[in-house]
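A.B. asks: Chains as they are written, first to last, in the numbering used here: chain V, 2 to 571; chain P, 12 to 287.
Quick caveat, the hints were computed from the structure, so don't treat them as lab data.
Among the hints, a few may not be true.
As the list claims (entries may be wrong) - So the derived list for chain P, only partly shown, Cβ under 10 Å to chain V, looks like this:
1) CYS173
2) ASN175
3) ALA181
4) ALA182
5) THR184
6) LEU185
7) ARG188
8) GLU196
9) ASN200
10) ALA202
11) PRO203
Note that beta-carbon positions come from the ideal geometry of N, C-alpha and C, so glycine has one too.
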Amino acid sequence: MAGSGNAHLRSDALLRAQDLVVEFPAAGGRKVYAVSGVSLDLMEGETLGLVGESGCGKSTTGRAILQLPSPTSGSVQVAGQELTELDPDAMREVRPRLQMIYQDPISSLNPRRRVRDIIAEPLFIALENVTRRTAMATWQERIGGLLQTLLERLAIPMRIVGLAASVAFALWILSEAVEERAAEPWLGWTEVPAAIIGFPALAIALAVAAVGLVLGLTWVLLALMLPFSLMSRQFGEVSAPVGIAGVVVTTGASGFMLWRTWSSFGGWAKWVNSGGLGLLTAVLVVWLAASIANPERAGASGVATTLSAMVVLQVFYVAGLDAGVKLIVLVVSIVVDTLLLRWVLRRYRANRNAARERAEPRVREVLEYVGINPDDAMDRRPWEFSGGQAQRLSIARALVSVPQVIICDEPVSSLDVSVQAQILNLLEDLKNLMGLTLVFIAHDLAVVKNVSDRVAVMYLGKLCEVSEPDAMFDEPAHPYTEMLLAAIPQPDPEAELGSGRIDGELPSPMDPPSGCRFRTRCPHAAQRCADEEPEMREIAPGRFVACHTPLIGETAPERVEIASAGRGAS
Amino acid sequence: MGRRLGFFFWLAVAYLAVLAVAAVFADVLPIKDPADTFAGTSKQGPSLSHWFGNDGVGRDVFSRVIYGAQVSLVISTVGTVLALVIGGLLGMVSGYYSGRVDRWLTATLNASLVIPPLILFLALVLFLDSEAKRRIFILVFTFVLLSIAPIARVVRAATLSCANQDYVLAARTLGARDGRVLFREVLPNVAPSLVSYSLIIMAGLIVVEGAVAFLGLSVPPPTPTWGDMINKGRTNLDVAAHISLMPAIVMFVTVLALNFVGDRLQQYFEPREAVL
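Make the full structure from the sequences, and use the hints.
C.D. replies: Written out as structure tokens, the structure reads:
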């Protein structure tokens, strides 16, 4: 009962999980043995039902197959590709082929996003990952694997240093400015911060600015390390005259302000003194121009960084002016900043909408597949749907990336019975339509019997029995299967109460019993069950059992009262 | 949806907007010079020519309150925004990556909560403050240090509850990188509490500036600050209470408005799954 072994595995399966072990650390240095040597396989187009009591490791097995988290040991192969050995990036590219449907449809959909974005997210993520890989590949060609590895390793430390440096740098620049100005008859240093409040663009940009600055500084470092050609990639697709005009105008305006800032700093000496500002400014000006020419490539952080950097420059500039001129410059700056921000935001939004539009036909198609009217649903948020509809959305999200395998983690457990049937039929239809391969995790045996081509019974992290559902339900081979079947409530008012009860509690997975894990509750347990762990073996064609005394075949023990009483109409 | 922010919310926002605009354009608005001592008006109560009256040496309290708003608003906004970004990131990272990262970050943040703010401030002023004119940076720096931990804790709690939701797992199943998960899935769910709590922190910083000014450690004169004005007016409380009272009232209303706006936003963004 509840043993290991691979006798039930077939060759050329689409998905093959072998000897999966998942252990979690627990308090006091102990371990939870959640899954201990489970092997499963699925042929293409097959549905595998995985049943067992709560806490037996069904869901953990499902997640281990998806490498979330990766199993402690064991192997998972999809179409011959070993997943446990893939590095995170390679795994990310495999993920669209393996999808999951969750028990609670509401909590598996982000309440703050719209349906159109939720369903399109797999496409965006896949695009991002592929783009990233291509970019990485280009890098590799250009600067060799060494630098790339270095950059990958340094990415996080660099951002941290970048953050610290940019904050320190900003404070230093400000204090420099204050020192410079203190002797002059200007209106006092409150002006600098006062001007900061003054720019409406800043109110929006400042919050993003700190993050943007970090990324900006990372960019500066990258710009120093990489050939300029990489920077110029930011300029891609500058075809429209508007883009070029934008570059000219912003470069001109930035240049002018740069010059004013420079002269108010007192010429070359001071300029060299604040060389960091110069470098930052130069890069940011290039970047701003690029952002305006092509916001999509420059990204939101780039736009925010450049805008806020522009505002900082303006602040320095304005602070050096006389009170009279200041009003004019202040007003003009506010107007220009607002327009600039609006324009960039509009371009950015246009790009986002373009991405949405590209995804839209696919999203609509999938929504129609799952029986949701796209026109009604696209712009709503998940909590506006009922549980059954939300589960349909969840299925749609899983389908959009055209997966090979879908792991359904109790997909109907939290739905009411009439809706359960709808969702099960939907899954069945989709399976036939798209040739899906499903792992169906559930504790409702009636549901599993209907949908599965093969059923695997789990107990306390081990497999008990694997076989066709009809044969298993008619004649269970494992005492635990028999108990599970006996526990199905009978819709018969005359039935004796408590007849099909499973006795005993599930033992703690932190301290599983020796030998067969089911022996503590098994009516047939013998000394051998405590000493020796049963191996999975074929006792009848297509019927695999891990038990020393299976209930069918010549060695079958006499049936025990308790179990047979409740069984029958399953 | 019958949810409204309400009249008083917009009233508070309008008040804050007027205050901010007045502070920014103080130079060019037709108000009196805050440094000008008007002859024979010492300790005079509010009048048509001097709306909030005059202080001990005859300066116009109204214009000093406006100029004082510059300091208060700059210190509180810059302090809060920096703390929001740093604390928000720390909180999200700490809540999202459980385990060692979380333990170290939480321990550090908790340790920083133990430091008494005034002592920290005094120490920083003593060690760093070579020149009085740099005081504002030390103020902002201290305020950021003080606000990071509370903000990070709030964000961490919000992140924890949201990182265990299936939609985060779903995003990871789709192959999203941690950054994308944090900014696309977690941040939208954390942002409301982050923003509304930050407004309350901001109000707190305005009050702290007042407390610091009582020790004479705020931005030094002649720059007016609210805390400094209240402190200076203390000696004349019996004969000319308005010198302390006027800035105090403005500070009170500002703090009230910020708290109110923060509270209302918090209610407004209350996750609606609760309805289901």
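A.B. asks: State for each hint whether it applies.
C.D. replies: For each hint, the structure was consulted:
Against a cut-off of 10 Å between C-beta atoms, the interface hint on P/CYS173 holds, since the closest Cβ of chain V lies about 9 Å away. Because the smallest distance between the Cβ of P/ASN175 and any Cβ of chain V comes to about 9 Å, under 10 Å, the interface hint for this residue holds. With 10 Å as the threshold, the beta carbon of P/ALA181 comes within range of chain V, its nearest partner Cβ sitting at about 5 Å, so the hint holds. Annotation: P/ALA182 was flagged as interfacial toward chain V, and the flag holds, the nearest CB pair being 7 Å apart, inside 10 Å.
Given the 10 Å rule on beta carbons, the hint for P/THR184 holds: about 5 Å separates it from the nearest Cβ of chain V. Hint on P/LEU185 holds. Least Cβ distance to chain V is approximately 5 Å, under the 10 Å limit. Because the beta carbon of P/ARG188 sits about 7 Å from the nearest beta carbon in chain V, less than 10 Å, this interface hint is met. At about 5 Å, the closest approach between the beta carbon of P/GLU196 and any beta carbon in chain V falls short of 10 Å, and the interface hint on this residue holds.
Because the smallest distance between the Cβ of P/ASN200 and any Cβ of chain V comes to about 6 Å, under 10 Å, the interface hint for this residue holds. Taken as an interface hint, P/ALA202 checks out: its beta carbon lies about 9 Å from the nearest beta carbon of chain V, inside 10 Å. At a threshold of 10 Å, the smallest CB-CB gap from P/PRO203 to chain V is about 9 Å, leaving the interface hint in force.
The structure is consistent with each of the numbered hints, conforming to all of them.
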